[in-house]
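Trainee: Once you've looked at the hints, dock chain A against the given chain X.
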Amino acid sequence: MDPLGVIFGKALVMSVLLLGGFAYLTWLQRRLLARFQHRIGPNRTGWEGLLQPIADAIKMIFKQDVTPTHADKVVFILAPGISVVFALVAFGAIPAGPANSLFGLDPWIVDLDIGLLYVLATTSIGVYGIFLGGWAANSKYSLLGSLRSSAQIISYELGLGLSVLSVIMIAGTLNLREIVEINVWSVSPLLWPGLIVALFAFWISATAEVSNVPFDLPEAEQELVAGYITEYSSLKFALFFMAEYVGMITASAFISTLFLGGWKGPGFVDALIPGMSEWPFVWLFAKIFVLLTIFIWLQASLMRFRYDQLMRFGWVWLFEIALGAALVTGAVIAFVL
Amino acid sequence: MSVLGIAKGMGVTLSHLFKKPVTVQYPEEKVDVQARFRGRHHLLRHPDTGLEKCIGCSLCAAACPAYAIYVEAAENDPHDPTSAGERYASIYEINMLRCIFCGFCEEACPTGAIVLGHEFELADFRYENFVYGKDDMLVGVKGSKWQRREAEREGRDVELGLAPTSRPELEGVDY
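Which chain is which? The protein sequence lines are X and A, in order.
Take the first sequence: its letter number 100 is residue 99 in numbering that gives the first Met the number 0, and every next letter is one higher.
Take the second sequence: its letter number 90 is residue 89 in numbering that gives the first Met the number 0, and every next letter is one higher.
Misleading hints may appear alongside valid ones.
[Said to hold, decoys possible] Straight-line alpha carbon distances no greater than 20 Å define the calculated SDA-like cross-link-like pairs of lysine to any residue that follow: (1) K7(A) with P213(X); (2) K7(A) with W296(X); (3) K263(X) with E177(X); (4) K29(A) with H37(X); (5) K18(A) with R303(X); (6) K29(A) with L159(A); (7) K18(A) with R35(A); (8) K7(A) with R303(X); (9) K19(A) with E47(X).
Hints in this document: simulated from the structure, not taken from any laboratory.
If we strip away everything but chain X, and leave its shape as in the complex, we get (with noise of 0.2 Å):
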């Protein structure tokens, strides 16, 4: 383990990175959506609309911050905090790289043995946000708004845990460096049958866990004028949105590293470059770009979804999907490997 330190120091320029990785996601998600709706996009603030996150965040800052009357003020103000705090905190157990690759350092925070469990713990924690949020702000639309989220997260949980069973038993661990190393697709072809449908499913849960389309209900705008987020403005508002989307950079980061190898790359490309399969870092990076890049393709072709199929979907579909990829997978290693 480093020296706290370097841990600290290790934690600063993760959360920048992920900060500044919020904002140009934001830009990134603008550009990308409207080019699938067949429009330009922002392109007024700086080049391509590159300064256009700056301008956001300034607008947010200097917005009137309304609290409303008998709120509860205290959980009112700290209920923002704990989304991006814990979306921020889940993504210190992820590798970038093999050992000693960050200039002689780690390219992780922590090296957890039990790195997947706390991934999934912390990402959850960020409902309580939620939840606190929409309680605190002495609306109904919020309560309403808030309660609908957390059943939300809640049916989703277990598929999520469910299809992560899958990996966990190929790999044998919990620790995320050595899930990587290991590479589950590389054990045995029987494998890869579970794998595929644990990914999807995965996949799926991961995106209601972040509240992305088509499961965006906390946003409920049409239904509920904004869910748990009614009474909240300026910089708070901003914060909840925040912690929407590093949490998209962390389920994208969490989905490589389980299902996609990683920070490793595919071999044939070390018929081009010797090596480059290893490459740091620019796997990782490329792998959670892909897959946000699919994010914001979702979003731009699917509805959301009712609360009531939601409800079926979670519980009667994706739950028995989950388990249905364990225990083939079960099967397999038990009884032909």
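Mentor: Just chain A now, kept in the frame of chain X:
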């Protein structure tokens, strides 16, 4: 919603990614409107004599469903007529905030004096600036009130937000 349906829909959005966007970079890039677009009103003159076509009959005001038009007529001076008829419009005002650009005034006008043109940049700050008088609408006047105000302040020509083309029904309108 089947998986196939989702895949189909995602294919549609993906195909849009590789098409050219249809966005018009409006203030820099100017497009012309359709030929029958109804924008700001023009009050026309007879092209040969230069007399105003409007005879102050108020039929446009009567036809206007939004009560946006106010006309006050006066007798023509026989030696120095303003219009070709017995009377002319001494006051002709259109409140652009009320106007719904339906074109009924055009239809009602017996002399074809009022025509809806192609100018559409009519936004302004004060209520009184939306009331367009004769001076603002008579043929030869280019642009809306704020465009002319701004052009005067900066000492340049009036710039329109559209690429002007000549229209036969706006005879004598000089863009």
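Trainee: Flag every earlier hint the structure violates by its number, smallest first.
Mentor: Going through the list in order, the structure violates hints 5, 7 and respects the others.
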